Amino acid sequence: MAFEGLADRLQSTIKKITGKGKVSEQDVKEMTREVRLALLEADVNFKVVKDLINRIKERAVGQEVMESLTPGQQVIKVVKEELTTLMGGEHSKIAVSDRPPTVIMMVGLQGAGKTTTTGKLANHLRKKQNRSPLLVACDIYRPAAIQQLETLGEQLSMPVFSMGTEANPVDIATKAIEQAKEEHNDYVIIDTAGRLHVDNELMDELQQIKSKVKPDEIFLVVDAMTGQDAVNVADSFNDQLDISGVVLTKLDGDTRGGAALSIKAVTDKPIKFAGMGEKLDELEAFHPERMASRILGM
Amino acid sequence: AKYRKVDEDFFEELEEVLISADVGVMTVMDLIDELKMEVKRQNIKDTKEVKDVISEKLVEIYYGDDDEKVEKLNIQENQLSVILVVGVNGVGKTTSIGKLAHQLKQQGKNVVLAAGDTFRAGAIEQLEVWGERAEVDVIKQSAGSDPAAVIFDGIKAAKSRNADVLICDTAGRLQNKVNLMNELAKVKRIIEREIPGAPHEVLLVLDATTGQNALNQAKTFSEATNVSGIVLTKLDGTAKGGIVLAIRNGLNIPVKFVGLGEQVGDLREFNAHAFVYGLFADMLEGE
Ligand SMILES: Nc1nc2c(ncn2[C@@H]2O[C@H](COP(=O)(O)OP(=O)(O)OP(=O)(O)O)[C@@H](O)[C@H]2O)c(=O)[nH]1
Ligand SMILES: Nc1nc2c(ncn2[C@@H]2O[C@H](COP(=O)(O)OP(=O)(O)OP(=O)(O)O)[C@@H](O)[C@H]2O)c(=O)[nH]1
Ligand SMILES: [K+]
Ligand SMILES: [Mg+2]
Ligand SMILES: [Mg+2]
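Just so you know, the sequences run in chain order C and P. Per the working numbering, the first sequence starts with residue 16, numbered consecutively. Per the working numbering, the second sequence starts with residue 622, numbered consecutively.
So that you can see chain C by itself, here it is in the shape it has in the complex:
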C-alpha cells in the first residue's frame, strides 16, 4: 500500500477516464485525491500538499487537461511540472568572495551529515575548481567530533583547524580565518555541532559565529528521510540565520524525499547539492526534475 508509485495508483482512475470522451470534475477530484496521498506518503508537508493540490486542480479542470486525448497522462504531467517549478532550477554553484577566503558555514540538526558534507564539499572544491580549503572544527560538543573531522582531513590530505573542546566556537572560527589568510587557503568550511532549531542557546551561538565571520554561504544540511517536521526545522534555521542554500543528504537510500519539496516551499532557498553516499566523492549537483519524479514514485 504505502510507497506505491503515483503512476500505478492513478492507473485505475485513468482507466475509467480513457473510455470517456470527457473528463468530469469528479474525475479530477479522484485523481487529485490520489496525488495528495502519493505526496503525503512521500513526506511532503501537508500544508505544502494543500497548496499544490489547489494549483493542480485549477490547471486540471482547465482546457490543457480537459481537451487532451490522454487526460490521465496530462494530469501527471501537470503535477510533475508544478513540482519541478516548485523545486527551482539547478544550483550547484558555490559563492566566491572577491576578498578570499570564501567562508562556508555548515548548520543543521544532529546527525544530518554536516561533518561528512564538510569533507565532501572540500573535496568538490579542490577537484572541480582547484581550490585549497581549510576545514574548521567548531563542534566542541559531540564526542570525538573533532577527531572525525581530522580523520576526514587526513583522508583528503587537507588541513583541519581545531582548538580542542575547551575553546569557544566563535573564537575557533575567527582564528581559523586568520590562519586561512596566512596560509592562503581560499575557502574556509566551518563544521558546527548539530543542534535543535528550538535550542535557543545553541542557535544563538550560530548567530554569533555568523556575525563574526560573515560567511558567504550558510548551508543547511538536511537528511532526505526527514518527515513532516522538515518545514519547521528549515523555516526556523532560515529565520534565525538566513541560510543561502540546502544540502540534502542520504539520497542514496530508498526514501521518496518529500522533505526536499517542503523545504524549498517554505524557505525558497535553493537545494544546491545531494549527498549520495558516505564516501567523500559522493556529492552531486541537485536535480529538481529527477527529485520530482522520485517524490511521485515514477
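To be clear, the hints were calculated from the coordinates, so they are not data collected in a lab. Here the structure is a predicted model, which is why all the values come from computation and not from measurement. Idealized CB from N, CA, C, for every residue including glycine. It is possible that some hints are incorrect.
To be verified - Capping the alpha-carbon separation at 16 Å, the derived lysine to aspartate or glutamate pairs in EDC-like fashion look like this:
no.	chain 1	residue 1	chain 2	residue 2
1	C	K62	P	E636
2	C	K65	P	E636
3	P	K678	P	D654
To be verified - Short derived list, chain C residues pointing at chain P, Cβ under 7 Å:
no.	residue
4	L52
5	L140
6	D250
7	N253
Got chain C sorted already, so can you dock chain P with the ligands onto it with the hints?
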C-alpha cells in the same frame, strides 16, 4: 484547555495534526473514520471527552491485536546478555548505547561495549568517550578492521570478564544497501554461534524526525537481523515519531526506549499512553 465542538472542522484539524506527527496518511484516515463512528455512538459533544477516545484508539492501533504488556529489555540473570544495535546513518546508535550502558551500570550490571563501527571516521573514539562517561570498558580494534572480528573479540572479553551485558555498536547503513545488510546479518550469526540464545535484543534505532521511510527501515533491518525493539531518538525536538504506530502494528516491533537529548541520562522507557497523547496534545492544550 480549549473547549470546542467535535465537528467536521475538529476532525479535519485532527487529521492534519496526526499527519504532521508522521503517523502516515492511510493510518490517519482509518483512524478518523473509526473515531467519527465512536463519537456518534457515544454521543460525544466536547473535546474533553473526545481526548480519551482518541488516545484509546491510538493505543489500540499501536498494540493491534496484542495485549498491552510492558515491553522490557530482555536481560538474563546470571548469564551474559548480548544487545546488538542497528540502524541507518546518524540516527543515534552510538549515543543510545552510551546512555543504555550508563543506565545498566546504574542498575549494578557489569557492562562491556564493542566498537563494531570500524568504518565511520571517529566512530571508535566516539564510543570510547561514551565508555568513559558510563564507566564501562570498550573493546575495539583499529579503524577499517572486520566488524565481525571486533564483535567476536567483544564476546570473548565479555565472557572472560564475567560481564552481564555486552552492547555491540555497528556502523550506520541504509537499508537498501544489500552488501552492508549482509555484513550485519553475518555479525548477528557470529553472536548466535558463540552464545546460544543470543543476541537477546536487537535494537533498531530510529530518528523521530524520520518520515514514512522508517517503515522501510524497520522491515528491512528486521529481515536481516530480526529486530526485537526500537529506540526512538531525538524526541526532544519538535518531531513526534508517529510512524512507530504503523511499525508496532504492522511489524509487531515495540518501542523500548526513547531518546530525549544528548546527555548520558537522556534515555527513558517507552510509555505508549504518554506517547500517543503527545501526538495530538498540542491541538487540545493551550494554543
Ligand atoms: N548513506 C549516506 N550516509 C551519509 C551521507 N551523508 C552523511 N552520511 C552518514 O550519516 C552519518 C552522520 O553524518 P555526520 O557527518 O556525522 O553528521 P553530522 O550532521 O555532522 O552529525 P552531528 O555532528 O552529530 O550533528 C554518518 O554515518 C555519515 O557517514 C550520505 O549522503 N549518504
Ligand atoms: N537532540 C538529540 N540528539 C541526539 C539524540 N540521540 C543522539 N543524538 C545526536 O545525534 C547525533 C548522531 O548520534 P550518533 O550516536 O553518532 O548516531 P549513530 O547512529 O551512531 O551515527 P552513525 O554511527 O554515523 O550512523 C549526535 O550529534 C548525537 O548527539 C537524542 O535523543 N536527542
Ligand atoms: K538524521
Ligand atoms: Mg558533525
Ligand atoms: Mg555510530
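Now the hints, each set against the structure:
Taking the CA atoms of C/K62 and P/E636, the gap is near 12 Å; set against the 16 Å cutoff, the hint holds. Using a Cα cut-off of 16 Å, the hinted pair C/K65 and P/E636 holds, with the two alpha carbons roughly 13 Å apart. Simply put, P/K678 and P/D654 have alpha-carbon atoms about 11 Å apart, close enough for the 16 Å limit, and the pair holds. Hint on C/L52 holds. Least Cβ distance to chain P is approximately 6 Å, under the 7 Å limit.
Residue-level restraint check for C/L140 is violated (minimum Cβ-Cβ distance to chain P is 19 Å; threshold 7 Å). Hint on C/D250 is violated. Least Cβ distance to chain P is approximately 11 Å, over the 7 Å limit. Look at C/N253: its Cβ only gets to about 15 Å from chain P, farther than 7 Å, so that hint breaks.
Comparing the model with each earlier hint shows violations of hints 5, 6, 7; every other hint is respected.
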